[in-house]
Amino acid sequence: MLKHEVVVVGAGLAGQRAALAAREAGRDVAIVSKLHPLRSHSGAAQGGINAALGAEDSVDTHIYDTVKGSDYLGDQDAIEFFCREAGPTVVEMEHFGTVFSRSPDGSLARRAFGGAGFPRTIYAADRTGLALLQGLWERLGIEQFTLYNEWDLMRLVVRDGRVQGLVVFDRIHGIFEEIAAKSVVLATGPAGRIYGRTTNAHTCTGDGIAVAYDAGAFVKDMEFVQFHPTALLESSILITEGARGEGGILKNATGERFMTRYAPHVLELASRDVVSRAIVTEVAEGRGFSGPYGGYVHLELMHLGREKIESRLQEICDFSRHFAGIDPVREPIPVYPAQHYMMGGIGTNIRGATNLAGVFAAGEAACVSIHGANRLGGNSLLETLVFGQQAGKAAAEYAAGAPATQLRAADLEAVETPLRAWSSRPDGEDPARLRTEMQQTMERYAGIYRNEADLFEGLKRIRALRARFERIRVVDASKVYNLNLTDAVEVGHMLELAEIIFVGAYARTESRGAHARTDFPKRDDAKWMRHTMAEKGPEGPRLSYTPVAFTRWEPKERVY
Amino acid sequence: MPADAISAKFDVRRWDAVAGGAPRYQRYELELAPHTPILSALLRIRDEVDPSLTLRYSCRSAICGSCAMQINSKSRLACETQVGPEMDRHGRIVVEPMRNQPVLRDLVVDQSPFWTQYDRIEPHLKLDPAHPMPEGRPTSMTPEQVERFKETPRCIACAACYSACPAVEADAAFPGPMALAKLYRFVVDPRDHATQDRLVRIQPNGLWLCLRCHLCTEACPKDVRPSERIRDLKEMAIAVQGGTERGSRHAIGFKENIEDRGLLSEAKLVRQTYGAAGMIGQLPQGLRIWRKKPEVLHKPRRIEGADELDRIYEALDRESEGAP
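Note that the protein sequences, when read in sequence, are chains E and H.
Sequential numbering of the first sequence, starting at 1475, is according to the numbering used here.
Sequential numbering of the second sequence, starting at 5, is according to the numbering used here.
Please keep in mind that the hints were generated in silico from the structure rather than gathered at the bench.
There's no promise every hint is true.
When the alpha-carbon atoms are kept at most 20 Å apart in a straight line, the in silico SDA-like pairs for lysine to any residue are as follows [to be verified]:
(1) E:1953 - H:19
(2) H:303 - H:292
(3) H:154 - E:1580
(4) E:1953 - H:114
(5) E:1782 - H:154
(6) H:154 - E:1788
(7) E:1953 - H:21
(8) E:1953 - H:26
(9) E:1953 - H:17
(10) E:1953 - H:56
(11) H:154 - E:1785
(12) E:1782 - H:155
(13) E:1782 - H:152
All chains should be modelled from the sequences, with the hints used to inform the complete structure.
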């Protein structure tokens, strides 16, 4: 059996930063990742990372913007800590080797982002995630650690009140393994693929959140799902908020710059939930364009000029040209909102600790919560690094004081035996079919605008899909890179999380941030300024609620 | 189904390292819009026709580097190669795993040779203890200094270049285009203090094995242009160390020959590259060439208009003084 002090699952920015912190603390560290670390979805982040480094800007303004952006559901103590760490974190990444874009005076270049009082988004062209991922992987490469590359997380073993280790699946060799661990950091990213229209990579299937939930962790605020306003039509590939930060504008089919009606002060740079709802409303009320891939609006960059577009928005130029046949220098980009980010996740404190002893979480898989009901652009890359480091440090400290852990043969068998049954069934449910039906259900019943009847119907449908999942069938019999098997595992994870989203959204009878209920259009602070905590019960998720932490900022109406 | 749908024919190479046997090509036919990415088509095959077909993929937007494969014999990302143009040009779409890496199954290869070469160039900043990073603030770097990285920060490590490279195929010691482009990224980084050491250490069994065919630059989906960065590294390597390798001596000798007379003296170039003693090893080949082309041993005369060459070389020297 394999054995390590700290095992980090997921090797995007949060996982890598956690691994580095645990190594800096002198622990024996392993990373388990279902794809090579440099292929992680962190690399797809485009626009930038927030830090109040400008002379006119301040940490307090960053805190205020984040609190307001969260629609007062973010924990203010966590947000204060988070924003104070921003400067040192960005500087550290620069020292690790990240190649950022620069101003003529040699300082880090900054651009404007939605919901921010000042241009405080530091960037590397429009591939900031890739630049950070490269810089961090290069720095981590100096350290000694074990990489279990292309291994899937199957189960977290929690016994005697603390974590004992995990059961994993080696994709290349088709075998299950046990890894004993004194502490585990889950940094497995989001579950965007629950939705059909998503900017997320195919690999964003919420494995860590589902596995933690199965092991007894609280999953927090899952009903808050962010839709990015500008995803490329049809493919839903992300067109960075940086495109609007650089001066891009949105127009409907009548040629009107419609954001003047929704956010008269900041227009296109309102918070993401506001801009997404505006686009959906324009299309629903007949002012959008229409085509074979549905309704849409135009994102115009042409007025910025070729040089600015091709230098600062190089990747999205390529995306538009390759994936939509559109040249943004000459014509508008057709866009429509798509699922982009999950504010919710495994509930943690500021140090990344969950309710399970020895289990830590960070990044998009976790919910601290700093984003509350709506995340600001530029805050997620920062979150991965700030809380990845915290979780790694805390996991290292915990491991240093923890006695040896024990796994049993039965722990592995509990995973392997049912999966064998999936492969030996003569007939049953197809993973791809279940995934498609789940995605359609989420789009139709848990989208940008929600109501009681839809949420009730959607929950019923997800539960029916979960019942069908009991008869899942894997037809591919190969031992090598069996995607049919991993697809089935991932669909199981996503269905579990879809149910939590519906249950939480149904219960929350208010509109706050990304959760917009047409039957409860107002924010209800008296009743709902609290976090949803979901725990696995025999009949499905059991909900409880915890208060939001306040320090200095009184809730106000949110206007942009 | 869009009105302009075409009938796309895929011939996908299938093989399983555990099951063994001979590889086979499986035909799949789908009705698709011409702009459909090949990755989307393969995923549809997986979802609707054959769940046993296996491949690596993740972001579907050319940023994760997972889905490089051979598409009609070219190393490409499946996510940004469209069905229509391939069908127009070839009448079918032959999909095979990348080259120069052992196949595990179907389109999935063992990338460890590629990552081993990446590690070999020591891809991390090396600092001079006498020049630590500025405390609490970022290093100052001008946009002009960032320009010197060229497009190397865009590299997504997809290995399309590694798959396309004949030098990798000929000699597994060759680091490959990606690793060398990554090396360039560190060599031009003003924060890195190991430039000279890096340029010296990459030469034996490394830099000079490049064949200058530019297939890597053709294959690169992110316009990193590895062959141009390799050329830059060669120039910098000679500047640091002069002609210490056959490759660098050949490059220097080539230049001297042309400068002298405007023509190559092949015998002289062999001596310059291999040294007088090394020429003995080249004797059998030299004799073969001499039988067919006895004039190789004649000392060529200076060609007419060779003065023009002096001016070209002067201009080039002036230009390279200003270059990295």
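So which hints don't hold here, by number, going up?
-> none
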